[in-house]
Amino acid sequence: MKCKVIVFPGSNCDYDCFYIIDKIFAINVEYVWHKNPTIGPCDFIILPGGFSYGDYLRCGAIARFSPIMNDIIKFAKKGNPILGICNGFQILLETGLLPGALLRNNSLKFICEHVYLKTNFYDTFFTNAIEKDKPLSIPIAHGEGNYFCDRDIIKKLQDNNQIIFQYCNASGEVTNDSNPNGSINNIAGIVNKKRNILGMMPHPERASEKIIGTDDGKAIFQSVINKLL
Amino acid sequence: MFRVKIDVTLKKAVLDPQGKTILLSLHSLGFDKANDIRVGKYFDLKLDVDNADIAREQAIAICDKLLVNSVIEEYSFVIEEIK
Numbered sequence: 001m002k003c004k005v006i007v008f009p010g011s012n013c014d015y016d017c018f019y020i021i022d023k024i025f026a027i028n029v030e031y032v033w034h035k036n037p038t039i040g041p042c043d044f045i046i047l048p049g050g051f052s053y054g055d056y057l058r059c060g061a062i063a064r065f066s067p068i069m070n071d072i073i074k075f076a077k078k079g080n081p082i083l084g085i086c087n088g089f090q091i092l093l094e095t096g097l098l099p100g101a102l103l104r105n106n107s108l109k110f111i112c113e114h115v116y117l118k119t120n121f122y123d124t125f126f127t128n129a130i131e132k133d134k135p136l137s138i139p140i141a142h143g144e145g146n147y148f149c150d151r152d153i154i155k156k157l158q159d160n161n162q163i164i165f166q167y168c169n170a171s172g173e174v175t176n177d178s179n180p181n182g183s184i185n186n187i188a189g190i191v192n193k194k195r196n197i198l199g200m201m202p203h204p205e206r207a208s209e210k211i212i213g214t215d216d217g218k219a220i221f222q223s224v225i226n227k228l229l
Numbered sequence: 001m002f003r004v005k006i007d008v009t010l011k012k013a014v015l016d017p018q019g020k021t022i023l024l025s026l027h028s029l030g031f032d033k034a035n036d037i038r039v040g041k042y043f044d045l046k047l048d049v050d051n052a053d054i055a056r057e058q059a060i061a062i063c064d065k066l067l068v069n070s071v072i073e074e075y076s077f078v079i080e081e082i083k
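Quick mapping for you: the protein sequence lines, in order, are chains A and B. Number 141 in our numbering belongs to position 141 of the first sequence; there are no gaps in the numbering. Number 53 in our numbering belongs to position 53 of the second sequence; there are no gaps in the numbering.
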């Protein structure tokens, strides 16, 4: 099994993702610079967090046209797993691989804190190893994570069970108070209809070792590895 | 040569937290007649093309492809010829 972490100018969680795959799971992993025209042999792609192209124009809007993206779209259409975290999620939305958009947080503040996530479905590449009904403690760190889409899209997301993660409280209840950024329906992460692409604002790569507070994020990477090995 | 002045704004259905905050600030400064304000982006594009129709066509393509995210934003523009 081979994992690739895509690196854009301004990515800053690429090393963390690489570290988790390499050191925690001992899986073969390589960086791929965004100017490469092809991904090469690959089973799993991570689009890491950061500020690709300085968030100029809109978050992810310019990265979406990086040369590597054509091959990533092909990889996605074949049903292979892609995990987009934070800025990676923004890039997936700009690419149209996932529906909707991310707006400025309703508080206008950059928020960096631990939140709880409710997992709604366990039948995906990314959630099969998550303990049932356990709220995941995973940090967020973003200024633009306020998920938005129109009513038609939200209905499709609900009908197709695509809302994978929602912000919740420590008891696992999805409440207004536990919504950190104003996202519609407390959305923290969604998959595409084929369920092979996950975009999420929280950072599981910052929550995969007990020594840094929580390893609740580890199960997300474990899920993909379980499916592929 | 043509100049295209492009305004991009959030769609009406999309909440604009920046605009809301600025409106509160205006009210606290005493501008109590300020009723609504929304934040947008402005692009000043120069196109090296021969006629206005091509300029319009190019401007629309540029907005749709890159400058505007149609999920949340809408745009309008005016074109003027640069002599």
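Fair warning: there could be bad hints in the mix.
What the hints assert, rightly or not - Here are some of the chain B residues that sit facing chain A, going by a computed Cβ distance under 10 Å:
1) R3
2) K5
3) L10
4) L15
5) R38
6) V71
7) E73
8) S76
What the hints assert, rightly or not - With the C-beta cut set under 7 Å, the calculated list includes, among others, these residues of chain B facing chain A:
9) P17
10) T21
11) N69
No lab work stands behind these hints: they were computed from the structure. Just so we're clear, the structure is a prediction, and the values are computed from it rather than from any experiment. Yeah, the Cβ is synthetic: ideal placement off N, Cα and C, and Gly gets one too.
A quick look at each hint next to the structure:
no., hint, in the structure
1, R3, "20 Å, violated"
2, K5, "17 Å, violated"
3, L10, "8 Å, holds"
4, L15, "7 Å, holds"
5, R38, "13 Å, violated"
6, V71, "4 Å, holds"
7, E73, "8 Å, holds"
8, S76, "18 Å, violated"
9, P17, "5 Å, holds"
10, T21, "6 Å, holds"
11, N69, "6 Å, holds"
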